[in-house]
Amino acid sequence: MRHALFAAQRAMRDQLRSALKRGLLGLIDIGTSKTACVILRVDPAKLAVSSHEEAHLGGFGAMRVIGVGVTRSRGVRLGEIVEMEECERAIRTALQQAEKMAGVRVDQVVGAISGARPASFGATGETEVMTGEVTEADVAAALAECPEPPLEDDREILHALPVNFTLDRTSFLADPRGMAGERLSVDMHVLSVAGAPLRNLARCVRRCDLELAGVVTAPYAAALSSLVEDEQELGAACLDMGAGSTGVSIFLRRQLIFADAARVGGAHVTRDVSEAFSIEGPLAERIKVIHGGVVATGLDDRELISAPPIGAPEGHERHVTRSALIGVIRPRVEEILEEARALLDAAGFDHLPSRRIVLTGGGSQLPGLEDVARRVLGQRVRVGRPIRIGGLPQSAAGPGFAAAVGLAAYAVRPHDEIWDFEAPATIGGRTRLRRAVRWFRDNW
Amino acid sequence: MRAVRRALRGLFDAPREGAGPFERRRRDPSPSRLRYRLDRLGRRGYVRFALRRLAWPAVAGLALLWAWHEPWVWARGEAALEAARSALVERPEFLVTRLSVEGGSEGLQARVAQRVDFDAPVSSLKLDLRAIREAVQTTPGVASARVAVLGTGVLSVRVTQRAPAALWRWDGQLHLVDRDGVVIAPVARRTDRPGLPLIVGEGADRAAAEALRLWARAAPLHDRLKALVRVGERRWTLALIGPQQVHLPAEGAERALSRLLALDAAEEILEREVSAVDLRDPERPVLRLTPRGASEAARMRLVRNGEGEDA
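Residue numbers (the working numbering), protein chains in the order written: chain A, 1 to 444; chain B, 1 to 311.
Treat the hints loosely; a few may be bogus.
[As the list claims (entries may be wrong)] Calculated cross-link-like contacts (lysine to aspartate or glutamate; reagent style DMTMM-like; alpha-carbon spacing at most 20 Å):
id : chain 1 : residue 1 : chain 2 : residue 2
1  : A       : K34       : B       : D28
2  : B       : K226      : B       : E254
3  : A       : K100      : B       : D28
4  : A       : K46       : A       : D442
5  : A       : K21       : A       : D416
6  : A       : K34       : A       : E85
7  : A       : K100      : B       : D39
8  : B       : K126      : B       : E78
9  : A       : K34       : A       : D416
[Unchecked claim] FRET-style restraints, in silico, Cβ to Cβ:
id : chain 1 : residue 1 : chain 2 : residue 2 : range
10 : B       : L65       : A       : A196      : 37 to 47 Å
11 : A       : R203      : B       : L65       : 32 to 42 Å
12 : B       : R33       : A       : W439      : 31 to 41 Å
13 : B       : G61       : A       : R64       : 16 to 26 Å
14 : A       : D442      : B       : G61       : 45 to 55 Å
15 : B       : R33       : A       : P367      : 52 to 62 Å
16 : B       : R53       : A       : L173      : 55 to 65 Å
17 : B       : R33       : A       : P331      : 37 to 47 Å
18 : B       : R33       : A       : E182      : 58 to 68 Å
19 : B       : G61       : A       : W439      : 27 to 37 Å
Don't read these hints as lab results, they were simulated from the structure. We put the beta carbon where it would ideally sit given N, CA and C, even for glycine.
My request is simple: use the sequences and hints to build the entire structure.
So, in structure tokens, the structure goes:
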């Protein structure tokens with residue numbers, strides 16, 4: 001795998017590093033229904049300390065939310081930006097709100113991209129250990145040996161995570177550096193997304209006078225915040241039920257091993273409600289949120305919901321029963337879950353030792369969803385909320401903010417990706433110079 | 001600040017077309033790009049510092065500079081200052097309503113009151129006590145004066161009258177002078193003040209003290225001493241009835257006078273036919289005889305020589 005592919009990622013990593021050094025970082029989750037912006041204050045000293053002692057906390061102790069801004073997304077469909085101008089306005093609104101609350105100015109933001117057709121690939125690379133001891137150069141060489149995934153029709157690599165190392169016959173190593181051995185092989189999880197939405201996101205953020213310090217796919221971020229530590233270790237899937245897309249991600253041994261997204265979500269449920277009762281979109285959304293559900297009981301036949309049809313004259317009243325509403329919502333929810341099931345099956349989720357599934361995202365707040373999901377996905381299903389960060393207001397602590405909170409977890413403690421390793425290029429004069437420059441930049 | 005922003009918003013966000021007059025239009029919450037940029041610029045550290053710490057002093061300084069160069073502001077300011085000052089000055093606590101002159105004779109008090117020229121209700125802050133004191137002290141007959149405003153709204157003038165010590169004839173007019181030679185008042189006739197010495201001549205007033213000393217020394221001659229005449233603003237001549245004259249030297253006049261008195265007591269020279277005694281030369285006093293005395297003396301000399309028997 002050529003390192004030259006990751007110049008943009010390296011630049012973003014540098015931005016992230018400098019933002020963490022400054023202690024201020026913005027997180028932007030551009031979803032289909034809402035754009036959320038969170039401003040973090042990170043204590044670099046605490047971050048350095050906690051990297052050893054409280055690794056299991058994932059750096060949550062070193063950061064604090066100081067500003068949150070949420071606004072309705074416009075110009076986003078199926079998790080992809082379709083109207084640049086509108087999306088930019090949404091980002092500006094959310095960011096300004098958050099900056100006003102925080103009283104500071106942020107320059108670097110980490111963004112989440114929820115749609116953009118993610119695709120996972122596994123790759124394996126193998127190399128001889130140069131000295132008897134595995135060094136970072138050996139890891140980099142092994143990573144470089146990995147075959148490139150097929151990047152046809154304008155796709156770009158978003159994540160390239162080494163998930164497993166094998167040294168001679170010892171497998172399941174998290175970090176082989178410093179160990180003795182001869183042959184080092186690495187299993188890598190490469191996640192690629194469509195290039196155009198990614199570039200649109202980057203462009204949108206840049207037009208808002210911000211620097212992009214990283215892009216994370218939303219299912220990954222949601223899983224980071226919603227899966228508890230043991231679930232990440234033993235293997236679990238996270239369903240991020242957004243408005244425009246439903247992300248699926250699978251964790252095993254604390255590594256993301258699969259991510260994908262179904263292009264169907266809560267917005268489709270709203271549209272179904274709107275079409276079934278011929279009511280306006282905002283009203284349908286409101287009815288869905290307040291009265292929606294997926295399991296009907298006898299009581300629901302008698303619960304009437306006021307739903308005046310589109311274009312009805314003033315004072316015209318029409319009521320629908322809640323069971324009728326559930327009858328509309330449930331098939332679509334089942335469809336979403338089945339889509340997710342199909343993705344999990346394709347990924348071979350059945351073969352994992354632990355098959356827990358965590359539902360999160362705004363769509364997971366539908367009452368009774370857990371029962372339906374058990375029927376479709378299996379018994380070990382729970383609805384998860386994102387982990388609490390200090391300073392996060394109650395209004396931004398719900399499942400709908402799983403991806404935004406996950407971005408924080410990602411930003412302060414990013415997993416090693418391939419671009420975090422030095423390129424194993426032949427050491428020429430230029431590389432040396434670049435190394436010297438980088439050393440200066442890192443240390444001064 | 002927020003109120004201003006709300007007012008501006010009301011000004012600029014006129015209802016757009018399509019929105020009915022009674023329809024509440026929800027405002028687009030998204031900031032314009034310019035506003036967003038400005039907002040973020042305002043969050044930069046140095047911009048915040050400049051706006052918070054430097055902007056108000058700078059504005060105040062500019063305003064002051066402008067006001068300094070604006071005559072209109074000056075005029076207004078001075079008018080306001082004057083109004084404030086007069087409001088303070090006109091307060092009843094500062095009013096002076098009455099003039100009280102104490103000390104000295106009735107006539108002197110009347111003259112002082114006239115001289116002060118006090119028109120009744122006036123603020124004590126407007127009174128120039130120094131000038132009043134000057135005016136009172138330059139009033140003829142006033143030796144010294146104390147001027148004060150009492151708390152009860154009284155302008156009190158305490159006067160010490162000059163004591164008349166001599167009469168001074170000058171330019172055909174008699175003046176009453178005190179012992180420093182300061183003129184107190186004019187006098188119509190010499191006989192109004194028979195007990196006072198009369199001094200005559202230019203500069204006599206300035207040497208009044210010496211004249212008074214001479215007058216005191218010449219007490220035995222008081223019944224015949226008419227006047228002390230200042231000659232050439234330098235020395236004194238005693239004018240006695242007779243008419244006799246005693247010329248005193250410019251220096252050592254008192255000693256010379258004592259000598260004259262001694263001579264008079266011993267020789268009774270003033271009883272003789274002498275029209276003038278010149279004591280200016282301390283070695284030898286010179287006598288001038290009256291014409292009768294001179295002729296008598298000549299005759300006596302002839303008689304002594306035996307020639308006079310012929311005549």
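_Pairwise beta carbon distance, A:R203 to B:L65, judged against the given window 32 to 42 Å_ = Check failed, 48 Å falls outside 32 to 42 Å.
*Take the C-beta atom of B:L65 and the C-beta atom of A:A196, compute their distance, and say whether it sits inside 37 to 47 Å.*
About 59 Å separates the Cβ atoms of B:L65 and A:A196, which means 37 to 47 Å is violated.
*Are A:K46 and A:D442 close enough, with their CA atoms no more than 20 Å apart?*
holds, 19 Å
_Cβ distance range 55 to 65 Å for B:R53 and A:L173, holds or violated_ = holds, 57 Å
*Okay, B:R33 versus A:P331 on CB: inside 37 to 47 Å?*
With a Cβ separation near 43 Å, B:R33 and A:P331 satisfy 37 to 47 Å, so the hint holds.
*asked:* What's the verdict on A:K34 and A:D416, does the C-alpha distance respect the 20 Å limit or exceed it?
replied: violated, 30 Å
*Holds or violated: 27 to 37 Å for the Cβ distance of B:G61 and A:W439?*
violated, 49 Å
*Below or equal to 20 Å on CA atoms is what counts here, so check B:K226 against B:E254.*
Roughly 18 Å between the alpha carbons, so the hint for B:K226 and B:E254 holds.
*Regarding B:R33 and A:W439, is the given constraint of 31 to 41 Å on their beta-carbon distance met?*
holds, 39 Å
*asked:* Within 52 to 62 Å: is that where the Cβ-Cβ distance between B:R33 and A:P367 falls?
replied: 42 Å Cβ-Cβ, so the 52 to 62 Å window is violated.
*Go ahead and decide if the range 16 to 26 Å is satisfied by the Cβ distance of B:G61 to A:R64.*
Cβ of B:G61 to Cβ of A:R64: about 41 Å, so the range 16 to 26 Å is violated.
*Are the Cα atoms of A:K21 and A:D416 separated by 20 Å or less?*
Cα-Cα ~18 Å, so holds.
Comparing the model with each earlier hint shows violations of hints 9, 10, 11, 13, 15 and 19; every other hint is respected.
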